[in-house]
Structure formats: structure tokens, C-alpha cells
Amino acid sequence: MLTFYRGWWCPKEQSFFRRLVEFQDEVEVAYTRMVSVSVDPPEVESAFRAGLGARWTFLSDAERRYLDEFDLLETTDAVHRPYVPTAFTLYPDLTICSVWNGYWTWGRPSLEELRRDLRTITKAIRPDWEVPNA
Amino acid sequence: MSWYWLARTDEQPAAALAAAELSSGGYLAAFSSDGPAPPGERKIDARAVDPEGAAGLASLVLPPDGVSILFDDPAVSGALRAALAAPWPDVLSTLVVESSKFAGTLTAVRDGDRGRLASDPFARIFPAELVEVGPGFLGRTPAPTGPVIQRYGGGNPWPWDRF
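These protein sequence lines map, in sequence, to chains A and B.
So the first sequence is numbered by our numbering: it starts at 1 and just counts up by one.
So the second sequence is numbered by our numbering: it starts at 1001 and just counts up by one.
Watch out, some of these pointers could steer you wrong.
[To be verified] Distance windows between CB atoms, simulated:
hint : chain 1 : residue 1 : chain 2 : residue 2 : range
1    : B       : R1110     : A       : L59       : 17 to 25 Å
2    : B       : P1142     : A       : R65       : 15 to 23 Å
3    : B       : I1069     : A       : R81       : 46 to 54 Å
4    : B       : Q1150     : A       : R81       : 32 to 40 Å
5    : B       : Q1150     : A       : T120      : 37 to 45 Å
It should be emphasised that the hints constitute simulated quantities derived from the structure, not laboratory data.
None of these values were measured; they are calculated from a predicted model.
All residues carry an ideal CB built from backbone N, CA and C; glycine is no exception.
Please build the complete structure, drawing on both the sequences and the hints.
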């Protein structure tokens, strides 16, 4: 799962990430990895991550190196110039399964939608999804 | 994934793939997984070992030979979670016996950050020894993409960053 987020200061992100923290207890035993990216500097991300109790990977694009390349600049926020909140579920080869535009809060994935996608991906990549015959 | 046998020895072993002197005495040595198991029969992530590696400071959680707990014990799961939440060191590998037993960890840093090692979460399970590891042993274990705490197949150390 790959999420781009505005920053620690956004109440919508705080709400969404608290749900992801709840979700990580399932993810940690399901061979699924999570990465979150923002324009916050690493030390700010570390504080946000530690405050949340998150145990997945946070990456910093403080130099905004990939904002234009990914076409994910939130153009309406001229103050922070953050990533527009976007969530992806990805196959191991990084093929996109689903993408959610979280500009509006209800555009973000629910945990149930994430579960459904991760089941779809796992079923596709695990040849032993059906229990092997003895 | 690939792994090596790991052992602490009194003398520098001749057949080791890598070996380094410990400041507290003895040697830390890695042996090919194709060879016979040394005493303790502990497996370590091969990435944690580099015969060309520079010296470093390590937290060595190494219970006596024959002492282990189940890798799936909640105490181990809790320590893995704490390790993922903390700043990642230069080297970290759990030590595994057979397919399902936890028998210690090697955690090391090269910048002398004793604070990271002093709060080694695996020291909650077995006693940890803070020790200088000489050159010729320590590799580098990239930070895994969390929050996975499961091993990729029985018998393999954690972490391993592949599906």
C-alpha cells in the first residue's frame, strides 16, 4: 500500500492515519508492506510516525522532487505545496490495483476497501491460495 | 533468502566465512549454510555478515546454546514491533534455530550510537551484551518496509524484505 499525504498538520490525515495504524495489526502478519510519502522533512515525519505508533515506512520528499513527475501537486494549497492525498494498492511488481483520490475525505479508501484489494492481490500472486492437495 | 550459521567462539575459527574479534573476548563467526552446524545451530541473515565490513558497536543477544523460545511467542512479536518503530540500525538480524525457535539477535551500528543499542527491544527477551565487533564481520541490513513481523518461511531469520 502506498499513500501520499499532505502532512502531519492536516486533520483529515490525522484521522486517516489513525485508521491505518489500526489496520497495521492485520497487515503485519499478512506479508503486506506499507509506505507513506509526504513533503515533510524526515524529522517531522519521524515525530508524526512515532506519535501515531506507526511501524511502517515513511519516506520524505522534502525537496518535492517527484511532485511534478507523479502529477500529484495539490494545486489549491499554495502554502504547503503538498502531495494531494492519494492511496494506491499495488502488486509486488508495482502494477496498480486501485487508486483513490483523497482530495475530499470521502475519496479515501475505507479499511474494508483495502482489505478487498489486498485479498484480490494475494489471491492473484499466491499459487497456493487454494489449500494444496495432500 | 540466504542465511549463514552464526557462532561465538573462543578461538578464531579457520573455516569461517567471516570472523571478528569481540571487545569482551572471543570471536563472532559466520559459517556457510552448506557446512555442518556449529554449536548452538543459530542462523543469521546473510546480509548481516560481510567479511569486508568495518568495525561497529553491537548489541548481542545470545542466550546459551540450547536456550531458545518460540519465534511466534508474543514477547518476540512485541520486540519485532518495537524494532520497526525505532530508528533502524545498520545491522539487525534475528537468530533462528531449526524452523521455529528464536535464539537471539545481532544489532549493530557504526556511528557509535549507544543510545539505539541501549534500548535494544530484544534485551527484554534474553540478556544483551554491548560489545565492539572488530572489522571483517558486520554487513548491512537495509531497513525493511514495515509493518511485517512475519518471517518469509520457517527457518529463515527476520527481517527479509521480499514477498
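We went through each hint and held it up to the structure:
The hinted range of 17 to 25 Å is satisfied by R1110 of chain B and L59 of chain A, whose Cβ atoms lie roughly 23 Å apart. Checked against the hint of 15 to 23 Å, the C-beta distance between P1142 of chain B and R65 of chain A comes to roughly 21 Å, which is consistent with it. One distance hint, 46 to 54 Å for the beta-carbon pair I1069 of chain B and R81 of chain A, holds here, with the actual separation near 50 Å. Hint check: Q1150 of chain B to R81 of chain A, Cβ distance near 38 Å, so the stated range 32 to 40 Å holds.
Evaluation of the 37 to 45 Å hint for Q1150 of chain B and T120 of chain A yields a failure: the beta carbon distance comes to about 20 Å.
Checked against the numbered hints above, the structure breaks only hint 5 and satisfies the rest.
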